[in-house]
Amino acid sequence: MKVTFPHMGTAYIPFRALIEGLGHEVIVAPACTQRTLSLGTRYAPESACLPLKINIGNYLEAAELGAEAIVMAGGIGPCRFGFYAYVQQEILRDIGCDMEMIILEPPASGWRPLLARLKYLTQGVSAAQITRTLRLTWAKLVACDRLEQLSLTVRAYEIRKGSTTKALQQAYREVDRADSVDMVRRALEEGIANLQSVPQDRQRSVLAIGVVGEIYTILEPFVNFRLEEQLGEMGVVVRRKIWLSDWIFHHLVLSAFRKQREAQLVSLARPYLQHFVGGHGLESVAHTVQLARGGVDGIVHILPFTCMPEIVAQSILPSVGEDYQLPILTVVVDEHTGIAGIRTRLEAFVDLLASSRAKAGSRSEKGRLLTPAASRSS
Amino acid sequence: MTNMRASYGKHDVYLGIDVGSVSTNLVVMSGAGEVYHKEYLRTQGRPIPAVQAGLARVYQKLPDIQIKGVGTTGSGRRLAAAIAGADIVKNEITAHAAAATHFHPDVQTVIEIGGQDSKIIILREGVVTDFAMNTVCAAGTGSFLDQQAARLGIPIAEFGEIALQAKNPVRIAGRCTVFAESDMIHKQQMGHSVPDILAGLCAAMVRNYLNNVGKGKEIRPTVLFQGGVAANRGMCKALEDELGYPIIVPRAFDVMGAVGAALLARRHIEESGQETNFRGFAVSQARYSAGSFECSHCANRCEIVNISMNGKLVARWGSRCGRWEQDEIAYHSPIDHLQELCYH
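Chains Z and B are the protein sequences, given in the same order. Per the working numbering, residue 1 is the first one in the first sequence, and the count goes up by one each step. Per the working numbering, residue 1001 is the first one in the second sequence, and the count goes up by one each step.
Please keep in mind that the hints were generated in silico from the structure rather than gathered at the bench. Treat each hint with caution, since some may be false.
[Unchecked claim] Examples of chain B residues toward chain Z, derived with CB under 7 Å: (1) Gln1044; (2) Val1127; (3) Val1128; (4) Gly1216.
[Stated by the list, open to error] Pair ranges (Cβ atoms, derived): (5) B:Glu1158 to Z:Ile311: 54 to 62 Å; (6) B:Ser1182 to Z:Gln325: 55 to 63 Å; (7) Z:Gly124 to B:Gly1291: 25 to 33 Å; (8) Z:Pro45 to B:Pro1105: 32 to 40 Å; (9) B:Gln1060 to Z:Ile311: 47 to 55 Å; (10) Z:Pro45 to B:Ser1289: 40 to 48 Å; (11) B:Tyr1059 to Z:Ile311: 33 to 41 Å; (12) B:Ile1185 to Z:Pro45: 24 to 32 Å; (13) B:Gly1311 to Z:Met308: 38 to 46 Å; (14) Z:Ile311 to B:Ala1231: 53 to 61 Å; (15) B:Gln1060 to Z:Gln170: 28 to 36 Å.
[To be verified] Anything over 10 Å on all C-beta distances counts as not near chain Z; from chain B, calculated: (16) Asp1106; (17) Ile1185; (18) Asn1211; (19) Ser1319.
Computed from a predicted model, the values in this text were never measured in an experiment. Just so it is clear, CB atoms sit at the ideal spot from N, CA and C, and this is done for glycine as well.
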């Protein structure tokens, strides 16, 4: 069976390992482009949020390459994402695209449906092979996240624009190519070394911006206009709490840790928000508090247009910002948002943070006055 | 087209260029920070000729000026920088804020409504602390007023005066321009007077602005109202009615972005002591052409834009990896801030 799945940042690297390890042929959809979006918007309901549209585009582009089945996550709770797999199934059926949809979702009532679907994916695969595959998948997932995390700091100091991104892409390719946990480890070590040896100007004063918001729009650079890359190239270190490995660890692997962690997030958010609001709404509030305490200059909150959980967070974040004296920029992404508009807002936000830090003087973590790349010319 | 000052000579001045979707504005400022001269042109979808024409007009009126520095802003800021040779390229928010604090150091709120976009800037003690720009929808911008004035056969310049004559402004749904238009037509067919409808439209636009762009922002006086729409006295009145206190429309309200760019250029030149990158007024006669191609080197498929002057490449941008922005350009380009300029 030729299997595909929707894109979300570098998730295709571990997912490819997972599904190949289970004995299926994997068709990775081409990286998201304008064409993906055009295909998606042609068939998706106009008022659905952006992830649904991009997903549909991914499926159709994968179908062109011969994909026959889709593995898609589902969900429970107030976020519409929970329905997307089912809605997408209907849409594909309506347009006569004959692809099988295998929906993996956390159990709402009993584990049976999930187990049945996993069993379907793993039929005829030995327990040893499943274990090996899971270990490899996990190793790749963690490797991708660690590389990306490192790049978020290095990029702010790079001397030649784009060199960090280039080293990062190379490292991803090596991780993707690895077919044993050992090879992943070597690829990771090499990737880290390469990133660290990107020529950098460590004397440069940089700003730190925390990125919070909805997970898909944070992780998929196509939909957020490579926001973190853009910030990095303006001389901004990006910090964030949302990572795919983290999410999977806490949602799927160890529910014991999940309870503990949820309690932590709930208590961070409590002064502002006392309810679970679906998606990452509560996390956005809690992460803002966490990042503020950790010392960032500002927060960028990113969400897809019409995202209910994040709209709740959006209306709460100004009071968090007020309490921590933290400027917050909300970026709403949709199929129409142009990169120029995002660029203008980011530049203006970086100017704002630079001038407020210059004014505060010693509030800077590193204790020196600041000229980030974007405002160096001013 | 206004001469703000009758006397000028061989002065050291700074040039600010704001290339927006609807208009292209040029401002000449003295080293002391006064507006000498301003030009307001329609961009008409062709920013390069607009900038060239603006430069030609400035030169025609002020042949003796000595340009010490050039700043560009607006959505076409990179393009304008490549054409004129800019010392600084700044986003609109920073430029508008710089201009506002220059004339009114105590400003706490800047309301800017232009042709296609509108923004709010919150300042405290002269520093920008928050801002927002309209997203998704153009309701509440100048283009809609233009369109409605045209539909009613009223010159846009008279719109505001007519709105001020309203006796009983009608209530118009302002959420969306499509709904606003059908509401207006309904009111007009019900027999309401044109001034009442126009005043109602202004009030609806102001509500829309405050609810969308100004959402969650703490608007405190002193409030400056700038951008092309500030010329509309009906809009000023509607804003004052809604806020409950007077607002200030600065004298250079329609070119504040360009003023800010000129001020930032002055600061940059004074602080760095550098010579300007200005290419000279002759560029208004140069042959500029813009072309683009899709780079097929990797999967990113970046759209690379080339700007050439008299057949010679002067600027190029659009690549993610920086591959097309290297030495060849740095050599020809007088722009020091290649990083700022080239990346988008």
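Would you list, in rising numerical order, the hints stated earlier that this structure does not obey?
1, 5, 6, 7, 8, 11, 13, 14, 15 and 19
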